[in-house]
Structures are given as structure tokens and as C-alpha cells.
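Use the sequences and the hints to build the structure in full.
Given next are the chains, with one letter for each unit.
Number of protein chains: 2
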Amino acid sequence: MGYKKIDKDDIAYIKGIIGDDERILIGDFINEEYSHDELSGTSSYPDIVVKAKSAKEISEVMKYAFKHVIPVTPRGAGTGLVGSSVAIEHGIMIDTTLMNQVLELDEDNLTITVEPGVLLMELSAYVEDHDLFYPPDPGEKSATIGGNISTNAGGMRAVKYGVTRDYVRGLEVVLPSGEITEFGGKVVKNSSGYALKDLMIGAEGTLGFITKAILKLIPRPKFVISLLIPFPTLDHAINTVPLIVKSKTIPTAIEFMQREVIIDAEQYLGKTFPDKQSDAYLLLKFDGNSLEEIEKAYDSVAKLCLEQGALDVLISDTEEREDSIWKARGAFLEAIKGSTTYMDEVDMVVPRSSVNEMVTYLHSLQEECDLRIKSFGHAGDGNLHAYMLKDDLNDEEWEKRMNKAMEKVYAKARNLGGQVSGEHGIGFAKKPYLRGSLPEVNLNLMNGIKKVYDPNNILNPHKIAQM
Amino acid sequence: MGYKKIDKDDIAYIKGIIGDDERILIGDFINEEYSHDELSGTSSYPDIVVKAKSAKEISEVMKYAFKHVIPVTPRGAGTGLVGSSVAIEHGIMIDTTLMNQVLELDEDNLTITVEPGVLLMELSAYVEDHDLFYPPDPGEKSATIGGNISTNAGGMRAVKYGVTRDYVRGLEVVLPSGEITEFGGKVVKNSSGYALKDLMIGAEGTLGFITKAILKLIPRPKFVISLLIPFPTLDHAINTVPLIVKSKTIPTAIEFMQREVIIDAEQYLGKTFPDKQSDAYLLLKFDGNSLEEIEKAYDSVAKLCLEQGALDVLISDTEEREDSIWKARGAFLEAIKGSTTYMDEVDMVVPRSSVNEMVTYLHSLQEECDLRIKSFGHAGDGNLHAYMLKDDLNDEEWEKRMNKAMEKVYAKARNLGGQVSGEHGIGFAKKPYLRGSLPEVNLNLMNGIKKVYDPNNILNPHKIAQM
Numbered sequence: 001m002g003y004k005k006i007d008k009d010d011i012a013y014i015k016g017i018i019g020d021d022e023r024i025l026i027g028d029f030i031n032e033e034y035s036h037d038e039l040s041g042t043s044s045y046p047d048i049v050v051k052a053k054s055a056k057e058i059s060e061v062m063k064y065a066f067k068h069v070i071p072v073t074p075r076g077a078g079t080g081l082v083g084s085s086v087a088i089e090h091g092i093m094i095d096t097t098l099m100n101q102v103l104e105l106d107e108d109n110l111t112i113t114v115e116p117g118v119l120l121m122e123l124s125a126y127v128e129d130h131d132l133f134y135p136p137d138p139g140e141k142s143a144t145i146g147g148n149i150s151t152n153a154g155g156m157r158a159v160k161y162g163v164t165r166d167y168v169r170g171l172e173v174v175l176p177s178g179e180i181t182e183f184g185g186k187v188v189k190n191s192s193g194y195a196l197k198d199l200m201i202g203a204e205g206t207l208g209f210i211t212k213a214i215l216k217l218i219p220r221p222k223f224v225i226s227l228l229i230p231f232p233t234l235d236h237a238i239n240t241v242p243l244i245v246k247s248k249t250i251p252t253a254i255e256f257m258q259r260e261v262i263i264d265a266e267q268y269l270g271k272t273f274p275d276k277q278s279d280a281y282l283l284l285k286f287d288g289n290s291l292e293e294i295e296k297a298y299d300s301v302a303k304l305c306l307e308q309g310a311l312d313v314l315i316s317d318t319e320e321r322e323d324s325i326w327k328a329r330g331a332f333l334e335a336i337k338g339s340t341t342y343m344d345e346v347d348m349v350v351p352r353s354s355v356n357e358m359v360t361y362l363h364s365l366q367e368e369c370d371l372r373i374k375s376f377g378h379a380g381d382g383n384l385h386a387y388m389l390k391d392d393l394n395d396e397e398w399e400k401r402m403n404k405a406m407e408k409v410y411a412k413a414r415n416l417g418g419q420v421s422g423e424h425g426i427g428f429a430k431k432p433y434l435r436g437s438l439p440e441v442n443l444n445l446m447n448g449i450k451k452v453y454d455p456n457n458i459l460n461p462h463k464i465a466q467m
Numbered sequence: 001m002g003y004k005k006i007d008k009d010d011i012a013y014i015k016g017i018i019g020d021d022e023r024i025l026i027g028d029f030i031n032e033e034y035s036h037d038e039l040s041g042t043s044s045y046p047d048i049v050v051k052a053k054s055a056k057e058i059s060e061v062m063k064y065a066f067k068h069v070i071p072v073t074p075r076g077a078g079t080g081l082v083g084s085s086v087a088i089e090h091g092i093m094i095d096t097t098l099m100n101q102v103l104e105l106d107e108d109n110l111t112i113t114v115e116p117g118v119l120l121m122e123l124s125a126y127v128e129d130h131d132l133f134y135p136p137d138p139g140e141k142s143a144t145i146g147g148n149i150s151t152n153a154g155g156m157r158a159v160k161y162g163v164t165r166d167y168v169r170g171l172e173v174v175l176p177s178g179e180i181t182e183f184g185g186k187v188v189k190n191s192s193g194y195a196l197k198d199l200m201i202g203a204e205g206t207l208g209f210i211t212k213a214i215l216k217l218i219p220r221p222k223f224v225i226s227l228l229i230p231f232p233t234l235d236h237a238i239n240t241v242p243l244i245v246k247s248k249t250i251p252t253a254i255e256f257m258q259r260e261v262i263i264d265a266e267q268y269l270g271k272t273f274p275d276k277q278s279d280a281y282l283l284l285k286f287d288g289n290s291l292e293e294i295e296k297a298y299d300s301v302a303k304l305c306l307e308q309g310a311l312d313v314l315i316s317d318t319e320e321r322e323d324s325i326w327k328a329r330g331a332f333l334e335a336i337k338g339s340t341t342y343m344d345e346v347d348m349v350v351p352r353s354s355v356n357e358m359v360t361y362l363h364s365l366q367e368e369c370d371l372r373i374k375s376f377g378h379a380g381d382g383n384l385h386a387y388m389l390k391d392d393l394n395d396e397e398w399e400k401r402m403n404k405a406m407e408k409v410y411a412k413a414r415n416l417g418g419q420v421s422g423e424h425g426i427g428f429a430k431k432p433y434l435r436g437s438l439p440e441v442n443l444n445l446m447n448g449i450k451k452v453y454d455p456n457n458i459l460n461p462h463k464i465a466q467m
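Here the protein sequences line up with chains A and B, keeping their order. Quick note: the first sequence, position 404, residue 404 per UniProt numbering, numbers continuous. Quick note: the second sequence, position 326, residue 326 per UniProt numbering, numbers continuous.
Rather than coming from a laboratory, the hints here were simulated on the basis of the structure. Treat the numbers as computed from the prediction; the structure is a model and nothing was measured. Ideal Cβ placement from N, Cα and C applies to all residues, glycine included. Everything hinted at is true.
One side of the interface only, derived from the structure: several residues of chain B facing chain A at Cβ under 10 Å:
(1) T111
(2) A153
(3) V159
(4) E182
(5) N190
(6) Y194
(7) L199
(8) L207
(9) V245
(10) K246
(11) T249
(12) E293
(13) A297
(14) V350
(15) V441
(16) N447
If we take Cβ atoms under 7 Å as the criterion, some of the chain A residues that face chain B in the derived model are:
(17) A158
(18) E179
(19) G193
(20) L199
In C-alpha cells form, the structure reads like this:
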């Protein structure tokens, strides 16, 4: 690729920019964690890690990297699942976790301005203390908001509230050239030229470095109630979802789960789940500003579920029960990971009317590919997580079966009008499937755009549409 | 620019593609309306107008234009205000108004798939017949949905529901090369590469030709109530808006209006407005699924307004009154236009906490620039429409005063953290102000992206960021 290999002079120059040796790691001082993310199986060490504290520092490092054609990889909390934050070409890694300040809460405009390293859980807690609400709710609460924006993270409340994209009003960005600019702002509407802000969202750190974000908040709903609804079979459960959507009562979240995953979560958390009588569950959440309103909504949905053969409707109206249910749901990924030796994931999204067909297909694949597959996910928005488990397969057998199953799942998703990723992104690990899923002209547009932003291809190379 | 001038061979070829001479206009058969839009003062005739009926036809015309470097201008209902649909370089105009079919209503996925020439009012009526709701509500109901997507149209309900962007799930697009492709789909979430769908939204027909759109619907709110609230002064009215937002009760719409504009609308419509006692009004809308919920919301807001000095709170709970108020509101643009000889508009958007400062500034400008300026707009989302009226000024004096006032308004908007356009777009007429408002690097990125999509610059040239 013709990248410059980092040498002593580069390190000295970068040290000069940062001025604080504690915030620079090289060689053996680079923790193993910086070489991978949470799942993707991708591993590669950066030559130097810079723990940046300001857009200005990032800008100066980028300018230097731009001039000398040194690859740069942005990094938040490293909780990604597809290798977006792995330094494939080594070079410089810029870690934003020290840029973790809430800069302004603007209650007149209902916005919050944050640095990219603020964690999702910190953001939620902060705004809820002010009786406000940041709706996006990805399972991984210790991700940074910069990472959430970079993957357009979704989460469980997307059914009612949408995804991260819907809550980003403005961004400060350091471009690959090192220039600092802004896209959007505190404004609610904007038709002032191409949607550069939207293009940054979901770009997985390949077009620029997010150094500040202005996020939209809404008033915090006063009441939240969940329903845990056991069904005799998964078929029954999932077939009920389109009927709920069609009934014109939109819950905040509609999740589906199976007993085996619940049991994994119980073991992982050392906590008991409120119900295990059944093989399959829907978990619904309702929120709103009056109890009457919520009760009316969940009453009609509960009735509908019972008509469709639900075995019971468990109302979670205490904080304790609410906590135990959603903690379990939040732990599914880690719990499944803990139940096997190694795994890989699919984060496909299909039209929500096709969730049942996809889940049935996943079940049939277990036999066809002789591979254990566990799935759970956002039945209400069509975003399914399927995990293929290595268990005690040898490497060769695992690769063979897993690849076959992956190909088949993505082909099926494509046939159903779905997409490769609903919320985790493409990164490095899912590139072949993106290539198999999008028309070549779309991939060419993506690579063309990348070239406009980053002519020397120094920022997070080999990700998304790039070979 | 090196564009090929349309000749007989070109016309013959295009006639061969379309096969139906009724759908091709040339020379004197091109109606004067095709030479301009609703306001921008931009005027230029295309050499040929093609009334397309399918993506395939558009694709074939585009392929031919691409090969021969002939400019192409997309056109919907021609209701734009900034010259986006004017054929600056002549050439081919493709009119989509015959592509006006609703292709599918999918109640399982709550989506509707439409051709681009469906009018906003047709779309609304169609979905409301099915007890569903398409929330974006721009004032101009006879715009096409393709045009709405191309300007990322906003409208009055943005306070609660967002803008057009928030309701576009998928697009079929003919690229400048003539290739037909798709961005997005029926899926609710999507993190599968760069946001090409979002880039098309608000691109004003410069990156591709929208030939199909999959739109998100929501259940239709069962109840709607409006409040018309007279205040002693405009100051009182507008200063109350941030307090409403801060009170955490979010109305569907918050509009402000002044008596003089109301009187213009009465004259234009020949209909009486329910109240004219005061100089300044807030018009609020609330919707929801229970009357109690709405009443609770508007009670608390009404109380707040009265505490802030409102003279009265008029509840519009009959269809007739609702109709008379919102019809008047919908007619403001045409009414102001009818009250003067010529006008130009500003569609700026500022943080909503700055609306009062901007409106006060607009008032002071009338004197400073010796120019009549009328304004109204979306107080709840910071999107203000200011109209500069020529009245009986001679052309030279008008240009001088109008340009001075424009410069000052946009400079003020910039200082307040605002943007040039909230919902009307940039097109041809607002280009100088976009250039004055965005950093050069942003404009360069926009032009770079344009080049990726349209290397020969044939699709709608001279718009947005292009000189």
C-alpha cells in the first residue's frame, strides 16, 4: 500500500504534539486489548497508541499522518464486533476514551453536546438525572457514543424511537487531511447541501474522526412497563409480532428469546429469570407519560397475544423484576459467548414481516450445516442476531461449517429483502458479505466517496467496501 | 461546459425510447411553466421535456445523455422555491408527474411504496384511508413526494415527528450513468456501508433520479386538537416557545404568526380567520391516541402560555374551525405573494432558542434596509420563513435593498449557529449564501461527492455547491 512505517522520528514528533508521555503507548506497552475488538477474530497491533484529549491533538496527528501517509485507526471502547477499530495496517491508533466530557446540556433546545469518549451508560444516566431521555439503547452500554455514531448503533428501543442516526444533530469532525470541520448543528431541520452529517454516521471511522457530537434528547417518559409473554413455540411467538405492529399499537421494544439463551444468561449472571416454563418468549416494553395510556396499549397487545396462543402474560411492574428481565436480555451476547469455545455472529436485518421465516431457516440450518446456532434479537424491527458456535469442532471443520452457514444465512437475508448489518456495521469481518449483498455500483460509490475524503487512504483502511 | 446541444438526432433517439409522442415536448410545445419554479426568479427553458413513465425509460434517457454529455434536469410538480428544477443548461428535462402510482401498502411492515410523482396530498389521503399516517407535512401539498425527498422537506409537524428524511426507508435511483440501483429497503435498521440513501435525501436531484420510494408510516393518531393563542406582542409569543419545549410537553406543531399575515391569508382565501384581536399568535397542535392524554398536555401548555401573558386560549376542537385555521396557515406563502409585486424568501433554520432573537432582528431590518419583510414559521423547530417584498420599488432599488437584507439575515443566522435552509433547499438561488455559510472544506466534499456520482456533470448542473 505504500504506507510509511512508523519510526523513531514519527514517535518523537507525535510525542511533541501530545506533550504527555503517559498518553502515548509504544511497543510492549501497548496492551493486548488494542489488537482486537470484542468478537471479530481480527487481530493486528498498532505501532503507537495515542490517547487524545482534544480535536486539536487529533488534527495535528492526522496532519502529520496525512503528510507522511501513515495509517490511522480510530478507537473508542473497543466493544465493536466486526473489526472496525482494529489497526489492520498498524501505524497510529487514536484512542478517544479520555475525551469523555459532557460539554453542555441545553434544555432550551433539548440537546446535549458530548465528547466522543462518553460511554452510552454515562450519557443515559446523565440525561435521566435531568429528566430527559436519549432513546437509542444498544445492548453494550459500555460502548462510547463516538462508536455508537460510527456504527449507527440501534438497540432495543428502535421499534418506537429509531436508531442513533435519528438523534445526531451535529458533529465536529477531524478529516483525514487534519482539517477540523462541523456538519449539522443544533438545528432541528437542515436542507443546506448534501447530508455530510448523515454520511459520517455509520461510516465506521473511515471518513473522519468524530470529536464532538450534538445529540437530540426527548423528555423522559414517566412510566415504563414490560410484558414477558411465554408462547408454546417460537413460531407462535414470532408470528404474533406482525399482528402487534398491524394492530397499530407500537411498543417501545419487541424482543424474542428462547429458553436455552435465557438459561445461558442465568448461568452467566448467577441470577434467576422470572419465568422458564416455556420454550419461547416475547419481551415487550411500553413507555409513556400516563399510566392509563400504557395500560390501554399493553391490555390490547396482551389480549392479542393470548388470542394467538400465548400461555401467560407476566407484567413486570416492579423495578426489581424489570431489572432482572432486562439485565438478562442485556447479557445474552456475553452469555452465549461464555457457553462455547469460540463464535461468530450475524447481525442481519430483514423486513419485520420476514423474521419468522428467517428464524425458521436458522433452525433448519443447524441440522443442514451440523453447527450449533443460537439466535435472539429485535423481532420488532427485524434485526436478528444469530451466533454460530464452534464448541469442540477443530479449526478446519469449524471454518468449513461456519462459512457454509454464513453464506446461506446472508443469501437468505438477501432474498428476503434484507441487509448484511442492522446495527453492528461491516468493519473488516463482514466485507465479503457486503460485497455479496450490494450491487457493484453501490460499492463503487462508497469507495469513490472514501477517496474524496481520504485520497491517500490513511484513515482506517480496509474497512467496509474496501478490499 | 462542453455540453452537447440537443439536435434532431437526439430528439429522434429519445422519441424512440419513449415511443409515445404525446409524452415528449419540444420547442413551442414546452409550456412556460417548465421554465421556472414557484419563486426563485430563475428562468431557463429545456430543449426537450420527457414525461417519463418508468425507471427503465429514465435509465435509457440517462444512458444516452451520459454518453453524449447532455444535461438532464429532474422535475416533479415544479413547486420548488430555489430553482432546483430549472434547466439552467437547457438540454433534457424529465418530468415524473406521470409516475404517480402507489405501488404497495405493506401493513405488516408499515411501509408504503410509491412512484416519485405521487403528490403529498394524495399520499396523505391514501394512507389516512387505511388509518395510517405519513407525518411530514410541508405547506405545499401539491408537491410530489420525489421533490419532498429531494429537498428533505420538513413542514409543521417536525417538532414531534421529524422531517422527510426520517420517513424514507428505501429508494430506487437511476444514477447519472443510467444504471438503476437501490439504497436501503424495507428494513428498519441499516448499518451496511455508507449512508447512500441518506445522501440522496436532500440532494435536490443532483446525484441521481429517484424512481421509487419506500416510506415509513405510523399508526394514525386518533385525536388532534389545536390551540390558537393570542399574545399581546410577538415577543411574548415567541419567548414562550422555549418554555413549552423545556416543560417537556412536546406539541406536534408550534407555529407563530402575525395579524398582518393572517389578514393577507383571509383576503387570499376569502375566508374569515377565527380571531384577529391580537398582533401575534402561537398556533399549537397536539395529537395522540387518547383524549385524556392530549387534554393533559394542552392544559399544561395553555396554563404556561397564560402565565406568560397570553390573552386567551382558543381551543379548536371542531373540524370546521381546525380546517379554517390550518387552511389559513397553509396559504401564508401564496397570500404574501399575492400582497406584493414580487418577493424573495429566506428559509433559514436556527436553534429554537434563538427564534426570538432572529424575529426581532428581522423587524429591525425592515427599517434598516427600508424594505417590507414578512415572516412566519415553525417556531417549534427554529425554521423561519422571511419574505422580502418588492412592492413598488424599481428593479435596481429592489436588488440593492434585498441583497443587503439577505446578506444580513444569513450572517445573523450563521452567528446564531443556524443554517441557510431548513427545508426548501439550496438549488440555484441560494448558492451564494451556502458558500457564505459553510466552510470551504465542506463545499469541496460536496463537489467531490458530486463528481463521484456524475463525472461529466450532466445531472442538474449548477445546483447546491457547484458554481
